[in-house]
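A.B. asks: As you go down the protein sequences, you meet chains Z and H in turn.
1049 is the number of the first residue of the first sequence in my numbering; add one for each residue after it.
34 is the number of the first residue of the second sequence in my numbering; add one for each residue after it.
Don't read these hints as lab results, they were simulated from the structure.
Watch out, some of these pointers could steer you wrong.
[Stated by the list, open to error] Covered, in the sense of this in silico footprint (three residues per stretch, anywhere, with C-beta under 8 Å from a C-beta of chain Z), are these stretches of chain H:
(1) 76-88
(2) 125-133
(3) 136-147
[What the hints assert, rightly or not] The calculated EDC-like cross-link candidates involving lysine to aspartate or glutamate, where the alpha carbons are at most 20 Å apart (straight line), are:
(4) Z:K1445 <-> Z:D1466
(5) H:K141 <-> Z:D1446
(6) H:K172 <-> Z:D1124
(7) Z:K1445 <-> H:E111
(8) Z:K1475 <-> Z:E1168
[As the list claims (entries may be wrong)] Simulated DEER-style distance windows between Cβ atoms:
(9) H:S226 <-> Z:Q1213: 54 to 60 Å
(10) H:G85 <-> Z:Q1461: 29 to 35 Å
(11) H:E268 <-> Z:N1443: 43 to 49 Å
(12) H:S155 <-> Z:N1443: 23 to 29 Å
(13) Z:H1422 <-> H:E46: 51 to 57 Å
(14) Z:S1477 <-> H:D275: 52 to 58 Å
(15) Z:L1411 <-> H:V44: 40 to 46 Å
(16) Z:A1421 <-> H:G85: 31 to 37 Å
(17) H:D149 <-> Z:E1125: 52 to 58 Å
Ideal Cβ placement from N, Cα and C applies to all residues, glycine included.
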Amino acid sequence: MAQLTNNFSEWISQQVDSESSFAFSEAVRSPSLSKLTHGVFPTRKDEEWKYTPIGDLLDTRPGEDTTEVLDLETIDELKQAMPSAHTIVFLNGEYSQEYSDSHTALRDSGLSISPLPQLEGTALKRAEDTILESALTDDNIFQHIALGLSQNGLFIEVNKNTECQTPIHVIYINTARGVTAFASPVNVIRVANNSHLKVVEQYASLGEAAVITVPASYIHLEDGAGLDYYKISVENAATNHICNTSVRVGGSGVFRSHQYLLGSNLTRSNLEVSFTGPGAEAVLRGVYLGDDNQHLDVRTYLDHAQPHCSSNQHFRGILNGHSRGVFNGLVLVREHAQKTDAQQSNKNLLLSRDARVDTKPQLEIFADDVKCAHGATVGELDSNALFYLQSRGINKKDAALMLTRAFAAEVTQEIDIDSLRNYVQDKISTSLDEIVIPSV
Amino acid sequence: MLSIKNLQVSVEEKPILKGLNLEVKPGEIHAIMGPNGSGKSTLAHVLSGREGYSVDAGSAQYKGLDLLDMAPEIRAREGMFLAFQYPIEIPGVNNTSFLKKALNEIRKHRGEEELDAIDFLSLIKKQMKLVEMKEELLKRPVNQGFSGGEKKRNEILQMAVLNPTLAILDETDSGLDIDALRIVAGGVNKLRSADNSFVVITHYQRLLDYIVPDFVHVLSNGQIIKSGTKELALELEERGYDWLLEEAESKA
Chain Z
1049 MAQLTNNFSE WISQQVDSES SFAFSEAVRS PSLSKLTHGV FPTRKDEEWK YTPIGDLLDT
1109 RPGEDTTEVL DLETIDELKQ AMPSAHTIVF LNGEYSQEYS DSHTALRDSG LSISPLPQLE
1169 GTALKRAEDT ILESALTDDN IFQHIALGLS QNGLFIEVNK NTECQTPIHV IYINTARGVT
1229 AFASPVNVIR VANNSHLKVV EQYASLGEAA VITVPASYIH LEDGAGLDYY KISVENAATN
1289 HICNTSVRVG GSGVFRSHQY LLGSNLTRSN LEVSFTGPGA EAVLRGVYLG DDNQHLDVRT
1349 YLDHAQPHCS SNQHFRGILN GHSRGVFNGL VLVREHAQKT DAQQSNKNLL LSRDARVDTK
1409 PQLEIFADDV KCAHGATVGE LDSNALFYLQ SRGINKKDAA LMLTRAFAAE VTQEIDIDSL
1469 RNYVQDKIST SLDEIVIPSV
Chain H
34 MLSIKNLQVS VEEKPILKGL NLEVKPGEIH AIMGPNGSGK STLAHVLSGR EGYSVDAGSA
94 QYKGLDLLDM APEIRAREGM FLAFQYPIEI PGVNNTSFLK KALNEIRKHR GEEELDAIDF
154 LSLIKKQMKL VEMKEELLKR PVNQGFSGGE KKRNEILQMA VLNPTLAILD ETDSGLDIDA
214 LRIVAGGVNK LRSADNSFVV ITHYQRLLDY IVPDFVHVLS NGQIIKSGTK ELALELEERG
274 YDWLLEEAES KA
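Here chain H stands alone, though its shape is the one from the complex (with noise of 0.2 Å):
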């Protein structure tokens, strides 16, 4: 599905992935966790093909092909969907025409026909009921007005109603109070499946607690200085960052 090597990527310059490994496969879902600072949110937004980040050396493969050569929305009409940590407000853009034309767009590539009004709006609605979400949230403009949870939540929704095969969730959890991230971590669970992979960035150990993660890579200094299982978040929980990067250092 996803297959990341030793990927080296600078901003203005500045290293700030140095050498990154990861392969996902399908059906997997993987957690990234890390420090601030460690590289977390590049990582998401260099394999989303945000601009303004060099890619230096090495190579990340999504369903065999250059995910690095793919301009961003081929990614995201081959099955890539980001899920922003901090979703942009977009004033005068209504919120359903945008995902309808968004869906539409991802259903030509794959050479399916595009859904009219009508199953489009009973689409959305169904997906609505796995996030909570209000629905005058689809007659708004894209996020405008929306409460921090509501912006969450209405990346989930898009998330639910583009049906990706690969999903980052790029700090989904912050911001949230608890019942917003299990709303949004039910939404997750619901879309899983064994053709579908999921990596989630976080901060905290708390989101893990919702959404099971098959592995655990710690995120250091642009590299993953550890992998586990889901219990090596709880350990992290328990224990902080501090004797990982302290472990890390002294085997360097």
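Pulled out of the complex, with its shape left as it was, chain Z reads as follows (with noise of 0.2 Å):
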């Protein structure tokens, strides 16, 4: 493991001594603190990063802020994902009341949004305290980086018996165009019993600076809590984006999770989730898509911890260039969680010779009565459906990008909002025109 010795964790240490309003009190932001001043950053020695390196983004410093006046029609393009929703907009970590819509207006149904900056007392307690019931097997440098340093994000709190119709979405926005920005938003969502909501975050840059997005969620729900959270990143080709989710579903809950990575230089997704009651289940989705030196790296973790529950994942990559992907996915199932249902999937797609990716899916499994299956594949197109679709008068090209945006869409399709889809399979298939698939 590395020292603190590199440009950006100097910043870092900077920013721990900084005079600044950060979100959390010390109860949270100590233990954090004390692991960025002693802090190493992982390098591809230790095993949770062997196919990750993060090179690039130690190499960046932040520098002074350069917002740009945001208009107003790109953010109606950005909108476009989920015209009827409730919209919070961040500019370059902040939260921007301007572009927002008005949440104190939602208090009566039983939904309550507040950002950080704004919360106090119980309310600011029980955001804490769902952080501090979350821990993180992965328990890398930036998780602290964001807890430590946050000044801003989000508590999404929903009161138990409570359907919300309106989902929220949230747009992370940077507009740096010069410097390197730097944004660590945290998000804190509680369900109470039997309610449901639908949260969609979404990423995206707007300048062509680089931007590091260190991004940690934590999400608890109640028993018999619903969830639908969708990640939706479109971030420059400059941008570096770590983010932890950790994820505690009650019993009965329902925990149904979205990724879809389809920019940045560098990703890496952590999504830790893991039962707390018995008869909950959790679906994870998603589609990683690289082209040139792209490097995406998703990692879950699925900690069935009690009896009867049922996750199934469902993961693919599109890797074109010299792109590279990583998936990682460890379903634990403890002795005690007898009747687990557990499913996993890994399949990828390489566009060129250049690109690679590595997919290590795992199952560790201490039950003796449960269902469980895992796979993954790594395979081109296929030649007999590309030369069936150009018996039919479709070029090679035309029948390529049909076969692949058909390979996405296996997953895509299950996006059960329709603007949503429609905006996730158009910015698939734009990036897929983009790319010039050689080797087919």
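Please assemble the complex out of the two chains, which come individually in their own frames, going by the hints.
C.D. replies: Below is the structure:
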């Protein structure tokens, strides 16, 4: 492990000592700050980071804020994904009252949304307790950067027996042009008994400049609660995005997650889900689409700590150019977690000879009455299918695009918000159109 | 329409077609019969442009164009169609949008306007009746979860929609029960015209009870060893292939 001796870590140390107004109290910040002070960044010698070098990120040093004024048109474009949602906008890590829908209007419906700086008293304590009750198995330093240094983020809380009809759309936009920007939003979501909510997190950048995004999310679903949690990343090719998400699902709760990683230079997404009551369900979906020298790393950890729970994971990677994908999924079935049903699938499509993927699905089973399966594939486009399409008049490139889109659609078709599904599928199509597929 | 001269084709250096000649004129239906391994499917694949076949000698002209020099999609746009012996399943690609894209590529090539969704739907619904196909199959991915008979009907549906001038049916009868066979053949017969030609490749005579050919050719060991009219097929049905093979050998 390397000591903090690089551009980014120096900058982090300065932030630790700064007088900024941080989002959390000492109870949350102290343990993280001490990790940052003595902190070490993972290297490829660490098993969890074996395939993911973070040198690019460590070489960058965030600069002064050069916020550009955002026009409504840009926001509207991003809103297309969720035109009828309740929209919250963060500009360069800061909550933007101007562009966000008024969150006070929501309170009556049993749903409350608070930007972290506005949190106080018992609400702040509930948010902090949610964080403190969570523990990541991959206790990486980026979680501590988020907790120790976060100045912003959201606390979303749903009272019991509440059906939230309107999804929440959280847009994080970076507008930096020239200097490296930094944002580390922390999102805390609590859904009480028998309530249901949909949240879409979208990460975008307008400028060309490098951005370091280090979000952390803490999610707690009580018994019978349900959350559909979408993450869409369409950041620029200079962005390094490392996020950690910790989810706890109570008895008979249902957590559905979709991740679409369609941008950035480096993305590392660590999603950890644990069942805290019996009969719960987790559905994890995702597509990572890489080109050029992009590096996309999806890590999932599913802790079947309770009996009668089910989990179903389906991730697909499409990699072109010199891009690299990593899927690392661990399903742990503990001794007393009988009647567990755990399924995990990772399929990868390599569009160029220089693209690469490392996939590592893992099952650790300590219970004896369970149904578990996992599998991973890495392949190229099916030449028989390509020929079939060509024999009907479709040229080879279009045929390759059709098959590649279809490969992604096997996952994206499960997005049950129409506008979002169209948005994601369009984004994937547009990206693929720009990709020249030379090797087919 | 199609003129094949002395066509010699090998696969991985193994000669399969050894000087094949065939002339197909507009409006004609030619049946190509022959025992397993005689080169029937190779002929279909080479004509449609599949990779993996090496043309060592000879030529194939289609409408006066050098067929073997054309990419598969160009052959299709020029009005050629291959009904596959084993239609490919394509997960995630919707049957209707695939066929609409294919038709519009062909129309563009002909300088015709592309069909919009509504016009296309009315066309496809009309043609579906030809092959008695269930409408729900249009909503599914191409051939995925289709029964053997449904896949073959889907091939004929595609043929009906794309309206080719030369269709090659590669053992379309294999794996079909008698009802499906009748439906598929009925589809072909309705598409028959003075301008369209068919090459029907089959192992068995029974398809030819329903699609009556103008000419029957027997392919053996990479060459056409006998040509005749539909009566030749009946004779083959009765006597098998052996007598012909022996006859060919004794000539050689």
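A.B. asks: Check each numbered hint against the structure and report the violated ones by number, ascending.
C.D. replies: 4, 6, 8, 13 and 17
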